[in-house]
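Model the full assembly from the supplied sequences, consistent with the hints where possible.
Protein sequences, first through last, are from chains R and D. Sequential numbering from 3 applies to the first sequence in the numbering used here. Sequential numbering from 542 applies to the second sequence in the numbering used here.
Possibly wrong hints are sitting among the right ones.
Chain D is nowhere near these chain R residues, computed Cβ spacing over 10 Å in every case [said to hold, decoys possible]:
{"hint": "1", "residue": "S48"}
{"hint": "2", "residue": "L58"}
{"hint": "3", "residue": "I60"}
{"hint": "4", "residue": "L61"}
{"hint": "5", "residue": "L101"}
{"hint": "6", "residue": "F110"}
{"hint": "7", "residue": "L112"}
{"hint": "8", "residue": "I234"}
{"hint": "9", "residue": "E254"}
{"hint": "10", "residue": "S262"}
{"hint": "11", "residue": "A276"}
{"hint": "12", "residue": "A345"}
On the chain D side, residues computed to face chain R include the following (Cβ under 10 Å) [unchecked claim]:
{"hint": "13", "residue": "A576"}
{"hint": "14", "residue": "F670"}
{"hint": "15", "residue": "P753"}
{"hint": "16", "residue": "S775"}
{"hint": "17", "residue": "G814"}
{"hint": "18", "residue": "L841"}
{"hint": "19", "residue": "F853"}
None of these hints come from the bench; they were simulated from the model. Using N, Cα and C, we set each Cβ at its ideal position, and we do this for glycine too.
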Amino acid sequence: MSPSKHARSRPGLSSFSQFALTRGLLIPAQLLLVLLIAYLSIQVPSDLTRFGAPPLTILSFFTGFWGMVANIFTGHWGIASGTLTYDGHSWFQLYKDFLPNSLQIALFALPIAAALAYGIGLASGWTKRPEYDTPSRITTLGFGLVPAFIIALLIEFALFFAFYHAFHDIPGDGIIPSPSWYPNGIFPSWVTDGWVTHPTGLPMIDGIVHEDWPFEAITLAKTLMQAIVVAIVYVAIFMRHARNVVASASQEASITAARSRGISEHTLLWRHTAAQVRPTFLLLFALTIPAYLATQFVVESVFVDPGVGYLTLTVLTAPKGNENLAGIEGMVFVLAIVVLVWAFVVDLFAAKSDPRGVVAR
Amino acid sequence: MSEDAARPRHLAVYRRHPFGPQLWIGIGMLAFYVAVAVSALIVFRGSLGTLSENFAWQSPLPPIGPSWTYPFGILPGFGVNLLDAVWQATPWDLAIVLGILAIDGALGALIGAIAGLHEGSAIDHAVTFLSDSLGAIPAVILVAVIFAGIVLAAPADRSLWLFVVLFGLLLWPPSARTVRERVRELAQRPYVEASRANGASDRRILFRHLLPNSLGPVLAQIPVDVAAVFFFLSVYPWFFNCASPYPGPGVGYHVPGLPPFSPLPSTMFPEWGYQLGFSACDAFLVPGGPIYWWMFLFPLLAIVGLGIAIAFACDGLEKWLRFGA
Numbered sequence: 003m004s005p006s007k008h009a010r011s012r013p014g015l016s017s018f019s020q021f022a023l024t025r026g027l028l029i030p031a032q033l034l035l036v037l038l039i040a041y042l043s044i045q046v047p048s049d050l051t052r053f054g055a056p057p058l059t060i061l062s063f064f065t066g067f068w069g070m071v072a073n074i075f076t077g078h079w080g081i082a083s084g085t086l087t088y089d090g091h092s093w094f095q096l097y098k099d100f101l102p103n104s105l106q107i108a109l110f111a112l113p114i115a116a117a118l119a120y121g122i123g124l125a126s127g128w129t130k131r132p133e134y135d136t137p138s139r140i141t142t143l144g145f146g147l148v149p150a151f152i153i154a155l156l157i158e159f160a161l162f163f164a165f166y167h168a169f170h171d172i173p174g175d176g177i178i179p180s181p182s183w184y185p186n187g188i189f190p191s192w193v194t195d196g197w198v199t200h201p202t203g204l205p206m207i208d209g210i211v212h213e214d215w216p217f218e219a220i221t222l223a224k225t226l227m228q229a230i231v232v233a234i235v236y237v238a239i240f241m242r243h244a245r246n247v248v249a250s251a252s253q254e255a256s257i258t259a260a261r262s263r264g265i266s267e268h269t270l271l272w273r274h275t276a277a278q279v280r281p282t283f284l285l286l287f288a289l290t291i292p293a294y295l296a297t298q299f300v301v302e303s304v305f306v307d308p309g310v311g312y313l314t315l316t317v318l319t320a321p322k323g324n325e326n327l328a329g330i331e332g333m334v335f336v337l338a339i340v341v342l343v344w345a346f347v348v349d350l351f352a353a354k355s356d357p358r359g360v361v362a363r
Numbered sequence: 542m543s544e545d546a547a548r549p550r551h552l553a554v555y556r557r558h559p560f561g562p563q564l565w566i567g568i569g570m571l572a573f574y575v576a577v578a579v580s581a582l583i584v585f586r587g588s589l590g591t592l593s594e595n596f597a598w599q600s601p602l603p604p605i606g607p608s609w610t611y612p613f614g615i616l617p618g619f620g621v622n623l624l625d626a627v628w629q630a631t632p633w634d635l636a637i638v639l640g641i642l643a644i645d646g647a648l649g650a651l652i653g654a655i656a657g658l659h660e661g662s663a664i665d666h667a668v669t670f671l672s673d674s675l676g677a678i679p680a681v682i683l684v685a686v687i688f689a690g691i692v693l694a695a696p697a698d699r700s701l702w703l704f705v706v707l708f709g710l711l712l713w714p715p716s717a718r719t720v721r722e723r724v725r726e727l728a729q730r731p732y733v734e735a736s737r738a739n740g741a742s743d744r745r746i747l748f749r750h751l752l753p754n755s756l757g758p759v760l761a762q763i764p765v766d767v768a769a770v771f772f773f774l775s776v777y778p779w780f781f782n783c784a785s786p787y788p789g790p791g792v793g794y795h796v797p798g799l800p801p802f803s804p805l806p807s808t809m810f811p812e813w814g815y816q817l818g819f820s821a822c823d824a825f826l827v828p829g830g831p832i833y834w835w836m837f838l839f840p841l842l843a844i845v846g847l848g849i850a851i852a853f854a855c856d857g858l859e860k861w862l863r864f865g866a
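See below:
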């Protein structure tokens, strides 16, 4: 909807506020649609194929759907069973416990990814000379086609001995020191179940609170290693889009005019073009959030990190007899919330920095 | 000048303009893949859907690497000669990837163009809302979630084709979004206005002017979607066989297994992503130990090669179409 239509419908609000309001109001509706898809694709076939199940009616459909939504909001996500590690734990509690670990990785991975994507994306999209452009395109594409778990495994294996010599611990097996690092394999009292740290749940903060510096060093090293792997894989995904954006911006009349005034190529790229593409990069960032999440999920799984990603793949791939549909529905809810809110925040940033692009969308 | 009178000149532009080197490289690479697929159809006819295992190769110690006899080495667990496994999988993977891309590309272009042509209408709002909502879950997870329910009701022998249709149906939002933006811009161009003034219907404007000139974003998105397809096909088998906290068949050489929602009909089905995912378990057996590189390298090269071939073809086609436009 154009800003002028907003201005007519809600006088008194700036076009940015109107955009934020309209965009924000969409989130609950989008969330509801995602949950409806989850219900239709998971619960309905399960109910229909259950032996002796009553026939599906409009009433039972709505009752079932609202039952599912109620279960999600009240934390009834089922109990883990059949695993080697998590039996007896509620999936809801596991998600709650694992979320800080994933957040910690994301807090490191996102700035690294953003810095790399910004710099490399700008540089690679600037030149259209075939001797640079074609290899750059092939490398980006080829790298993007290699699944994240192969890259993560290669890096884990390559750094194994260096990590072991530096910390006397293995790089995988979680984001905090592995059980074999502790004397007799016993965790300190502020680490429960081997994966939850207290009081905040964020291992690096809790290490500082308890002044456990060896713990802190290993946790930082493991977090950085995982964050760098996530960033490297994500940058390959981001670059494919970013290069085209920079290439288009470099053809703009303002850039040509600046070049004709004798401004150096370096300044043209890092000041003029960079300022033009920044809002579009932000939008790309929002659009590629699902790809970022999928990458982090896989990297967490390679390092057996108790994070949301590892848990998500665990819930999804539970073998026959241990399936937990309520857990999958809960996972869909968590993912949808994260992506929708994230996209909303990034859209607001982009709208603030360049209202022409987003508000007019 | 009437529309019909303009058509021969319009097509003549394409006829006069030769394919660029990128398009020829893409076509050449794809022709190679098709030739390999056809040869596999002939050589493996009668057993195309099942790898022939050799029990002596299921857990050989030490692992058997590439040699003159077995140029790609042996893949333990499956107990197969890897060259045969990759070769036999070629027709299946080509069919899966091209099927998904055809549905995804056609839907993305059509839905995006319709939304862009009717900017601000209810259709436009519905398409934008739906694509934003579907984009809230990574496609590789959404397909798994939906398939977890579908496999309860669908017979195993049809699940692969259901998967192709479903993945194609869920991948369209990014293409549609970019096509919509392009069509919005094109719809304001003088030649579209002129065509409308000549009495052309919306359908004619859409198929004659807008869609052919809006294929660029779809062609740019297609190589990205190839990565998503193989991500799905390889990550879940890898996690299920190697990293899941559910007890597996044990340490050492694994017995291949498929996650419950897998679209593949059997554990011995030839498919590159599955081979890559499973082989990573044995290739990276002991942290810090040797990497048995051949187990994952050849399925990976097949995947990357196909992705690059499709990217070259799409890039070349986009440049060729752009010239004609």
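These are the hints, each one checked on the structure:
no. : hint : verdict
1   : S48  : violated, 6 Å
2   : L58  : holds, 12 Å
3   : I60  : holds, 19 Å
4   : L61  : holds, 21 Å
5   : L101 : holds, 17 Å
6   : F110 : holds, 21 Å
7   : L112 : holds, 16 Å
8   : I234 : holds, 15 Å
9   : E254 : holds, 15 Å
10  : S262 : holds, 26 Å
11  : A276 : holds, 22 Å
12  : A345 : violated, 8 Å
13  : A576 : violated, 21 Å
14  : F670 : holds, 7 Å
15  : P753 : violated, 20 Å
16  : S775 : holds, 5 Å
17  : G814 : holds, 8 Å
18  : L841 : holds, 7 Å
19  : F853 : holds, 9 Å
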